[in-house]
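Asks: Listed below, chain by chain, are the residues.
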Amino acid sequence: MLGTKHKLVKSVVVGAALLGGAMTMTACSSSSSSSSKTTTVDFYNMKVEFKDQLNAAAATYNKTHKGVKVKVTSVGGGTDYQTALKAKMQSGKTPDIFALEGPQQLQTYKKYLSDVSSGKAIKKALPGTLNTVKSGSQVLGYPVLQEAIGIVYNKTIFQKAGIDASKITTMAAYENALQTLNDKKSELGIEAATAFPMKEWWVIGQHAVDPFLSQEFNGSVTKAYNAKTISWKNSDYFKQYIDATTKYSAQPVQSMDYSTQIEKLFSTGKVAMAEQGTWVYPTIESVDKNLAKNIGIIPIPVNNESAGKLPVGVTQWWAVNKQADTKTQKASRDFLDWLFTSKEGKNIVLTKLKVVPAYSGFDSSKISDPLGKDAYSYISDKKTQGLVFGGFATDWAQNGMAPELQKYVAGKESWNTAIKNSEAAWKTARAGQ
Amino acid sequence: MSKKKTWFYLFSAPVLIALFLVVLLPFFYGIFYSFTNWDGVSQSAFVGISNYINALKDPTYLASLWFTIKFSVIAIVLINVIGLGLAVLVTNKFKGANILRTIFFMPNLIGGLILGFIWQFIFVEAFSAFGKLTGIPGLGSWLATTNTGFWALVIVMVWQYSGYIMVIYISYLQGIDQSLLEAADLDGATAMQKFWQIKFPLIMPGFTVSLFMTLSNCFKLYDQNLSLTAGGPYNSTQMVAMNIYNTAFSMNKMGFAQAKAVIFFVFVAIISLTQVYLTSRKEIEA
Numbered sequence: 001m002l003g004t005k006h007k008l009v010k011s012v013v014v015g016a017a018l019l020g021g022a023m024t025m026t027a028c029s030s031s032s033s034s035s036s037k038t039t040t041v042d043f044y045n046m047k048v049e050f051k052d053q054l055n056a057a058a059a060t061y062n063k064t065h066k067g068v069k070v071k072v073t074s075v076g077g078g079t080d081y082q083t084a085l086k087a088k089m090q091s092g093k094t095p096d097i098f099a100l101e102g103p104q105q106l107q108t109y110k111k112y113l114s115d116v117s118s119g120k121a122i123k124k125a126l127p128g129t130l131n132t133v134k135s136g137s138q139v140l141g142y143p144v145l146q147e148a149i150g151i152v153y154n155k156t157i158f159q160k161a162g163i164d165a166s167k168i169t170t171m172a173a174y175e176n177a178l179q180t181l182n183d184k185k186s187e188l189g190i191e192a193a194t195a196f197p198m199k200e201w202w203v204i205g206q207h208a209v210d211p212f213l214s215q216e217f218n219g220s221v222t223k224a225y226n227a228k229t230i231s232w233k234n235s236d237y238f239k240q241y242i243d244a245t246t247k248y249s250a251q252p253v254q255s256m257d258y259s260t261q262i263e264k265l266f267s268t269g270k271v272a273m274a275e276q277g278t279w280v281y282p283t284i285e286s287v288d289k290n291l292a293k294n295i296g297i298i299p300i301p302v303n304n305e306s307a308g309k310l311p312v313g314v315t316q317w318w319a320v321n322k323q324a325d326t327k328t329q330k331a332s333r334d335f336l337d338w339l340f341t342s343k344e345g346k347n348i349v350l351t352k353l354k355v356v357p358a359y360s361g362f363d364s365s366k367i368s369d370p371l372g373k374d375a376y377s378y379i380s381d382k383k384t385q386g387l388v389f390g391g392f393a394t395d396w397a398q399n400g401m402a403p404e405l406q407k408y409v410a411g412k413e414s415w416n417t418a419i420k421n422s423e424a425a426w427k428t429a430r431a432g433q
Numbered sequence: 001m002s003k004k005k006t007w008f009y010l011f012s013a014p015v016l017i018a019l020f021l022v023v024l025l026p027f028f029y030g031i032f033y034s035f036t037n038w039d040g041v042s043q044s045a046f047v048g049i050s051n052y053i054n055a056l057k058d059p060t061y062l063a064s065l066w067f068t069i070k071f072s073v074i075a076i077v078l079i080n081v082i083g084l085g086l087a088v089l090v091t092n093k094f095k096g097a098n099i100l101r102t103i104f105f106m107p108n109l110i111g112g113l114i115l116g117f118i119w120q121f122i123f124v125e126a127f128s129a130f131g132k133l134t135g136i137p138g139l140g141s142w143l144a145t146t147n148t149g150f151w152a153l154v155i156v157m158v159w160q161y162s163g164y165i166m167v168i169y170i171s172y173l174q175g176i177d178q179s180l181l182e183a184a185d186l187d188g189a190t191a192m193q194k195f196w197q198i199k200f201p202l203i204m205p206g207f208t209v210s211l212f213m214t215l216s217n218c219f220k221l222y223d224q225n226l227s228l229t230a231g232g233p234y235n236s237t238q239m240v241a242m243n244i245y246n247t248a249f250s251m252n253k254m255g256f257a258q259a260k261a262v263i264f265f266v267f268v269a270i271i272s273l274t275q276v277y278l279t280s281r282k283e284i285e286a
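Going line by line, the protein sequences match chains G and X. When we follow my numbering, the leftmost residue of the first sequence carries the number 1, and every step to the right adds one. When we follow my numbering, the leftmost residue of the second sequence carries the number 1, and every step to the right adds one.
Hints are computed from structural coordinates only; laboratory data are not their basis. Be careful, since some hints might not be right.
[Stated by the list, open to error] Quick list of in silico lysine-lysine cross-link-like pairs, DSBU-like style, CA-CA up to 30 Å:
#1 X/K70 / G/K412
#2 X/K220 / G/K407
#3 G/K270 / X/K220
The task is simple: from the sequences and hints, build the whole structure.
Replies: Dropping the structure here:
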């Protein structure tokens, strides 16, 4: 009787949750008590592409470490993860390890962030990778990986067209390359020079904007986070970039999404360039292994100051829940330390997760993908500039910047209006915080 | 209390408890939060009615509200006209009427999100391929402009919902007393006369139900909106539900979003209740 009633309630709950669109989310709190002997570490992963690899890592760790059980749950990227995490926190089941994306979450989840500065891996973190998560003498998260944003290009097509990618360091050179590719379209067998997915707010509002705003904040996420206003010093360069990229892109740009850009166009060799970042490699590889071998990444050209500098930064940190008991906290730190410092763990990070590590002590020659290799050589040549989009005002990229660019490209408003509106939106967003 | 009443309460208790827990309680919680600046995680402070004032001053909210109203008016009319048309068609006796019923109803069995993604493929890939083949311009960028995005939403909504509404109209059409129609036949009424003079007035209760259902569903639409256009380009095809969701989860303004939701609730409630009142006055007993 009780059982069936419970089931009924549950199905009604599920049904109503699906129906109740505009209704609020309230918590059904339930207390969780872990068993006394084994410490369970609840790892809430945001990178879905790491799902299987992290599960395997946890399994290996659980086998060799008695008394600890690391349980990985993976939830989709971006907003979905944050929504799910909030719901988890409301229900009183805050995960022991969860992901942070920037200063905003540092603020929002303040009471859930423990100091991990005693972690073994933290001492090996590369310079600059901890800046965002430092709070006084405390460190509030493990940097997960370094990512680079730039223009991913097809080396084979570039070679055929006679373009030297290393020379594309100025806006003029970029425009020339687009022009050349466009002129030789039929000869090269491509549909267009590049593909620009303007439907994705994060591609235009975060990634495209980043190199052009980075100089204003000296490449510091924290500075960006504390900026009350922006002044768009590079607005003219940015206009050139948007104009050229949309002109020579496969059309229609307004409804093009990420998968059309990467899976349908770039991975099949129908376009020679795509503005993305190091993370696209596994996707391209899954479509065409051979094509994926001959790709590279170059910086989005801005001006002379940034010429040849690739925007690189940590885009995600793993935090350890402060509300968990000390034993679980320690177990969580131990697992992350194992992943980033032990021989086994490091091997997983390099060859399975295939990321550019944020820690010293890695054998960089083992980085297998060409984009990671390119990014790593920029890093070791010290030719990088900081990624700042993690410090943008809440919601600014999505609703303050991206729509303005879409309006400009659709011819609904002038460039100056778009820029002015985006400045105003930043100011309002900051005032509301 | 009589034994019958005890059983009544016992059996309806699970539903009532569930309803209380997942609809009523969150609803009142929501009203409470709409007066705070809650961000979804940390403690919140009471901010009076400023959320409501800001919501009514928020241009994106008002734009999405206006877009939703435009969408709903057109979608409701089309769904009901087509739904009724299909119902009249399949209640005629001909071969394959039953199969047609099933086919018309089928789109409604597919979830909104999946349906949206399927149609996104049709609009983006199939339309542009067809456009290239025939040389008709504009078919290639169906989801890229505000106007075509709007019609894409209407088309998908109508396609999904007409079959469902058809089922409701069928039940009312079949409930009509056959003797009335036979009498009309004897008096020499034409098919048109029979429809407008007899069937139409008698299925008035069907209108009350169908209009109410389409109205509330069109206004609350979220999943097709997300999967088809995601609000783009430049948030010009963003409907109210999406505006509220984004306020809550990408802007982290849970309290503000809640105030928007309450305003939206009152708005939809007033319209639906007015509609039910007006159409039920027109209902007649046969």
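Asks: Compare the structure with each hint and give your call.
Replies: Hint check results:
Between X/K70 and G/K412, the direct Cα distance comes to roughly 21 Å. Compliance with the 30 Å bound is thereby established for this hinted pair. Proposed proximity of X/K220 and G/K407 is supported: the alpha carbons are some 26 Å apart, at most 30 Å. A distance of roughly 40 Å separates the Cα atoms of G/K270 and X/K220; the hinted pair therefore is violated under the 30 Å criterion.
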